[in-house]
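The listed protein sequences correspond, in order, to chains A and B.
Residue 242 in numbering that gives the first Met the number 0 sits at position 243 of the first sequence, and the numbers go up by one each step.
Residue 199 in numbering that gives the first Met the number 0 sits at position 200 of the second sequence, and the numbers go up by one each step.
In short, the hints are calculated from the structure, not lab data.
Among the hints, a few may not be true.
What the hints assert, rightly or not - Straight line, CA to CA, 30 angstroms or less: simulated DSSO-like cross-link-like pairs of lysine-lysine:
| # | chain 1 | residue 1 | chain 2 | residue 2 |
| --- | --- | --- | --- | --- |
| 1 | B | 87 | B | 77 |
| 2 | A | 77 | B | 77 |
| 3 | B | 87 | B | 150 |
| 4 | B | 138 | B | 150 |
| 5 | A | 138 | A | 149 |
| 6 | A | 138 | A | 87 |
| 7 | B | 74 | A | 244 |
| 8 | B | 244 | A | 244 |
| 9 | A | 138 | A | 150 |
| 10 | A | 87 | A | 77 |
| 11 | B | 141 | B | 244 |
| 12 | B | 138 | B | 149 |
| 13 | B | 77 | A | 244 |
| 14 | A | 74 | B | 77 |
| 15 | B | 87 | B | 74 |
What the hints assert, rightly or not - Taking CB as the label site, the calculated pair distances span:
| # | chain 1 | residue 1 | chain 2 | residue 2 | range |
| --- | --- | --- | --- | --- | --- |
| 16 | B | 249 | A | 20 | 40 to 48 angstroms |
| 17 | B | 189 | A | 91 | 30 to 38 angstroms |
| 18 | A | 31 | B | 96 | 46 to 54 angstroms |
| 19 | A | 69 | B | 37 | 53 to 61 angstroms |
| 20 | B | 121 | A | 87 | 16 to 24 angstroms |
| 21 | B | 131 | A | 18 | 52 to 60 angstroms |
| 22 | B | 92 | A | 146 | 37 to 45 angstroms |
It should be emphasised that the depicted structure is a prediction, and the values quoted were computed from it without experimental measurement.
Even glycine gets a Cβ: it sits at the ideal position worked out from N, Cα and C.
Number of protein chains: 2
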Amino acid sequence: MDGIVQIFPLRGIPRVQPGDRLVDHILHSLQGSGTTLEDSDVVVVTQKVVSKSEGRLVRVEDIRPSPRATRLAVKLNKDPRTVHMILKESRRVVRQGHGVLIVETRHGFICANAGIDQSNVEEGYLALLPEYPDLSARKLRKALEKATGKKLAVVITDTFGRPWRDGHVDVAIGCSGIAPLEDLVGTTDPYGHKLRVTQPALVDEIAAASELVMRKHSLTPACVVRGVAYRRGYRGVNTIVRERKLDLFR
Amino acid sequence: MDGIVQIFPLRGIPRVQPGDRLVDHILHSLQGSGTTLEDSDVVVVTQKVVSKSEGRLVRVEDIRPSPRATRLAVKLNKDPRTVHMILKESRRVVRQGHGVLIVETRHGFICANAGIDQSNVEEGYLALLPEYPDLSARKLRKALEKATGKKLAVVITDTFGRPWRDGHVDVAIGCSGIAPLEDLVGTTDPYGHKLRVTQPALVDEIAAASELVMRKHSLTPACVVRGVAYRRGYRGVNTIVRERKLDLFR
Numbered sequence: 000m001d002g003i004v005q006i007f008p009l010r011g012i013p014r015v016q017p018g019d020r021l022v023d024h025i026l027h028s029l030q031g032s033g034t035t036l037e038d039s040d041v042v043v044v045t046q047k048v049v050s051k052s053e054g055r056l057v058r059v060e061d062i063r064p065s066p067r068a069t070r071l072a073v074k075l076n077k078d079p080r081t082v083h084m085i086l087k088e089s090r091r092v093v094r095q096g097h098g099v100l101i102v103e104t105r106h107g108f109i110c111a112n113a114g115i116d117q118s119n120v121e122e123g124y125l126a127l128l129p130e131y132p133d134l135s136a137r138k139l140r141k142a143l144e145k146a147t148g149k150k151l152a153v154v155i156t157d158t159f160g161r162p163w164r165d166g167h168v169d170v171a172i173g174c175s176g177i178a179p180l181e182d183l184v185g186t187t188d189p190y191g192h193k194l195r196v197t198q199p200a201l202v203d204e205i206a207a208a209s210e211l212v213m214r215k216h217s218l219t220p221a222c223v224v225r226g227v228a229y230r231r232g233y234r235g236v237n238t239i240v241r242e243r244k245l246d247l248f249r
Numbered sequence: 000m001d002g003i004v005q006i007f008p009l010r011g012i013p014r015v016q017p018g019d020r021l022v023d024h025i026l027h028s029l030q031g032s033g034t035t036l037e038d039s040d041v042v043v044v045t046q047k048v049v050s051k052s053e054g055r056l057v058r059v060e061d062i063r064p065s066p067r068a069t070r071l072a073v074k075l076n077k078d079p080r081t082v083h084m085i086l087k088e089s090r091r092v093v094r095q096g097h098g099v100l101i102v103e104t105r106h107g108f109i110c111a112n113a114g115i116d117q118s119n120v121e122e123g124y125l126a127l128l129p130e131y132p133d134l135s136a137r138k139l140r141k142a143l144e145k146a147t148g149k150k151l152a153v154v155i156t157d158t159f160g161r162p163w164r165d166g167h168v169d170v171a172i173g174c175s176g177i178a179p180l181e182d183l184v185g186t187t188d189p190y191g192h193k194l195r196v197t198q199p200a201l202v203d204e205i206a207a208a209s210e211l212v213m214r215k216h217s218l219t220p221a222c223v224v225r226g227v228a229y230r231r232g233y234r235g236v237n238t239i240v241r242e243r244k245l246d247l248f249r
């Protein structure tokens, strides 16, 4: 059937250690499943394994919380050392309350706790977001393309909450080889109307779709999305972070 | 390969008219593609065809804008008749500026223009959101289940913008047969940590994934998502709209 999109989980990836080459884990998993990558495949990996492979881990007992972090931690009933790292990774606090600290990260992402958490991490450590997720995506794409000879895209995902709705969806925090937005502005719908504001955020749709096979409690930190018609591009996710002066909710 | 998710576009659905039975269009499209529905398939349809089939269309020239709508329209450089309908479909205005009117709809959704637009609609008409999208989803699910003898789920999607990031993603505005959130709170990750706040919003992830095959400029208002492990449930999308008192961004 024409136009099908398929999402393949990549199984059997071991616990990632600092210094691991993700490309090797991915290729090994593909081998184990008897699949190979095809041109235009999008390889999706979770932030957690990227952060681990890049050594973006902090030992909790080494953190000396600042007075500001300590005050805020008491107020929000959180660990002062975690709050210290959240503040350190952030430009500013956007909202606080209900035990939640929503910040603007150094990358410009608005999310809870600067994306820092302990899930799927060795006891006693915190995992921080990659320093430059678009660059992490680019490196992985280059390595995968070199190893396979295929033209590929890479999307790095993280799990963000959202305003107004309960629950989480995965979003893209880094990408390479795929234009983050599909720009339909100026094209016409089947009724002849000019589409004025339609820019599907393809990388975020791919990120959300990927969670359908990569659940938190399964050991599936990567998948392949096949069949998406996308435009090859080299601008990262950082280019779709809305400018503060155009943003009605910061 | 185990655990694959597949998304099949449903092609050949004609322009939907008020009073059309969507179930017939979907079954006809499936027939044309030589596919049949299987147990646990999620049938995804866009808001636009649901609204049209339910006659949720307003002729622009019949609208008499209120003074309030007219004032707001001048300020935002919009058509006063459109603004009138937006206000009529809303509980309140959440933000205005940059030519955008972000409201809380009568359903509790926070979105631009109360989800009202002209794309993919006959000239001179506006399409409103379905009155009770969860009920629309339920009716369609029941009709599809009756016709096929399969246990199915239905998700109705719309294209929403989001704060902080450019571009749009599709989200669920109605669902039936699938629990909107997968509740992992209290389960453990592979490292033994209790997952405290992890509730993937499955219906929104399915909605976002569906847009990978249903683009605005193609005539594909429906698709089938196969292979998602979900919990059957009868609570609608309305149950994941965050209560105002717990919401930091209203």
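Here is what the structure says about each hint:
no.	hint	in the structure
1	B:87 x B:77	holds (15 angstroms)
2	A:77 x B:77	violated (46 angstroms)
3	B:87 x B:150	violated (37 angstroms)
4	B:138 x B:150	holds (14 angstroms)
5	A:138 x A:149	holds (15 angstroms)
6	A:138 x A:87	holds (26 angstroms)
7	B:74 x A:244	holds (19 angstroms)
8	B:244 x A:244	holds (27 angstroms)
9	A:138 x A:150	holds (14 angstroms)
10	A:87 x A:77	holds (15 angstroms)
11	B:141 x B:244	violated (35 angstroms)
12	B:138 x B:149	holds (15 angstroms)
13	B:77 x A:244	holds (21 angstroms)
14	A:74 x B:77	violated (44 angstroms)
15	B:87 x B:74	holds (18 angstroms)
16	B:249 x A:20: 40 to 48 angstroms	holds (45 angstroms)
17	B:189 x A:91: 30 to 38 angstroms	holds (34 angstroms)
18	A:31 x B:96: 46 to 54 angstroms	holds (52 angstroms)
19	A:69 x B:37: 53 to 61 angstroms	holds (55 angstroms)
20	B:121 x A:87: 16 to 24 angstroms	violated (55 angstroms)
21	B:131 x A:18: 52 to 60 angstroms	holds (54 angstroms)
22	B:92 x A:146: 37 to 45 angstroms	violated (53 angstroms)
When the structure is compared with the earlier hints, violations turn up for hints 2, 3, 11, 14, 20, 22 and for no others.
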